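Student: Listed below are the residues making up each chain.
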Amino acid sequence: MTADSASPDVPLHLARHPFFRGMDPDFVARLGAIAYERSFEPGAFLVREGDPAEEFWILFSGKVAIEIVLPGRPRTTVQTLGSGDIVGWSWLIEPFISRFDARAVKATRALGIRAASLRSLLNDDPTDGYHLLLRLLPVIAERLENTQLQLLDLHGA
Amino acid sequence: MNAPSLETPNPWLLAPYSVQERKAETADTATIVLAPPTGHPPLRFEPGQFNMLYLFGVGEIPVSICGDPTDPEHVVHTIRSAGRISAALGGVTTGATVGVRGPYGTGWPIEEATGKDVVIVAGGLGLPPLRPVLLEMLRRRDRYGRIEIIYGAKSPRDLVYYDQIQAWRARSDLRFQTTVDTAGPDWYGDVGVVTTRLPDSRFEPKNTIALICGPEIMMKLAAQALVQRGVDRNAIWVSLERNMKCAIGLCGHCQFGSDFVCRDGPVVRYGTVERAFAFREL
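Line by line, the protein sequences are chains Z and F.
Counting from 1, one number per residue, gives the positions in the first sequence under my numbering.
Counting from 1, one number per residue, gives the positions in the second sequence under my numbering.
Careful, some of the hints might be misleading.
Derived pair list, reagent style EDC-like, types lysine to aspartate or glutamate, alpha-carbon separation capped at 16 Å [unchecked claim]:
{"id": "1", "chain 1": "Z", "residue 1": "106", "chain 2": "F", "residue 2": "186"}
{"id": "2", "chain 1": "F", "residue 1": "154", "chain 2": "Z", "residue 2": "41"}
{"id": "3", "chain 1": "F", "residue 1": "154", "chain 2": "F", "residue 2": "25"}
{"id": "4", "chain 1": "F", "residue 1": "245", "chain 2": "F", "residue 2": "259"}
{"id": "5", "chain 1": "F", "residue 1": "116", "chain 2": "F", "residue 2": "173"}
{"id": "6", "chain 1": "Z", "residue 1": "106", "chain 2": "Z", "residue 2": "153"}
{"id": "7", "chain 1": "F", "residue 1": "23", "chain 2": "F", "residue 2": "163"}
{"id": "8", "chain 1": "F", "residue 1": "220", "chain 2": "Z", "residue 2": "145"}
{"id": "9", "chain 1": "F", "residue 1": "206", "chain 2": "F", "residue 2": "112"}
These are calculated hints, taken from the structure and not from any lab test.
Computed from a predicted structure; not experimentally measured.
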């Protein structure tokens, strides 16, 4: 993992990310002001299960595996994420504890936003909060649907 | 192609092919290569068609033809052990005799795809029936636009044609994405259902033909995702699988709505079966 860096391009990168594309430019600019770049080497963790969910990660390149670790069983990848994706929403849901591991499997470049600062921003302006939720809910719904399909064991039929 | 009928010569007659080669693909799936008996005409087929394979004293099942259409002297089938007959067929040894009649059914729309981008979505054992069409398209690569392939399997150990996939992935004139439902830490590829790879696929929706083969629910979801991307329903083709017995549209075992899969399929336009996919009774 490399140190955080606050590039002047961060707001621009954020505005171009599929998750934020088309959102209120003022809101995205405010998010850009508190976001930072970080690179992850293969094997580095973005998020660890059980740790406080202190950051919201937005992916720009690379590949991240969402993993479950169960006692007595090998680490299992249930999903991979890449450019254009976001990692998780535990930072928004009390008690703000991460529910899965997120581990870079390729060199990964991401923007991070401190969860406490982000929640504060959203609480200050519920309209922004609502619009962010409107972006987040389809991601949650899609991942839930995909999980259901995986549970159906389509290919084993 | 019109399916054979009782008017064509010997629609029931088996030819005794010999097993030239058997290769285990996964724990429950094997590919067998069959050679026709001496003096028997080569088995020319359209990609997407199937043969009826008969193991003497065991039974007969329909199996898609998975080999190279330009090599009719070698009839290739990939078989997953899903029941008594398929288990026996997949377990044959070199030199064994397998009864073959065919080919039957409709093929993939190779001519209609000319000049268009091609999206191929395969789930599980849906890749083998698509292999001949891909081989044919690559043989005439300049006739097609982008070729995007998405192949999904339950886990990395359930992927078939491993060496062939590596060769396809190494090509610069197509894009082959592989994804699995779950994986261990030694898998560096994608994890997720096949539809999660579609947003990464590059094609011009209005000038695209899509070929989908796999479990029916996977085909339905993939087709819906492609329609959402703007691909016309009738430019999406799916391969149906039903309990085919006679293979010439007589017995009715494979009836799907008003059609017989053996005669009117297995390859059909999604637009013609979309509503039928919604009926659980079918």
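Student: Each hint: holds or not?
Tutor: Do the hints match the structure? See the list:
A C-alpha spacing of about 13 Å is found between residue 106/Z and residue 186/F, which places the hinted pair at or below 16 Å, so the restraint holds. As the CA atoms of residue 154/F and residue 41/Z are separated by approximately 28 Å, the hinted pair breaks the 16 Å bound. Restraint check: the Cα-Cα separation between residue 154/F and residue 25/F comes to about 14 Å, which is no more than 16 Å; the hinted pair holds. Taking the CA atoms of residue 245/F and residue 259/F, the gap is near 15 Å; set against the 16 Å cutoff, the hint holds.
For the hint linking residue 116/F to residue 173/F, the alpha-carbon distance of about 14 Å falls within 16 Å, and the restraint holds. For the hint pairing residue 106/Z with residue 153/Z, the CA-to-CA distance comes to about 27 Å; that exceeds 16 Å, so the pair is violated. Proposed proximity of residue 23/F and residue 163/F is supported: the alpha carbons are some 12 Å apart, at most 16 Å. For a cut-off of 16 Å, the pair hint linking residue 220/F to residue 145/Z stands: about 14 Å separates their Cα positions.
With a C-alpha separation of about 14 Å, the suggested pair residue 206/F and residue 112/F falls inside the 16 Å cut-off, and the hint holds.
In this structure, the hints that do not hold are numbers 2, 6, in rising order.
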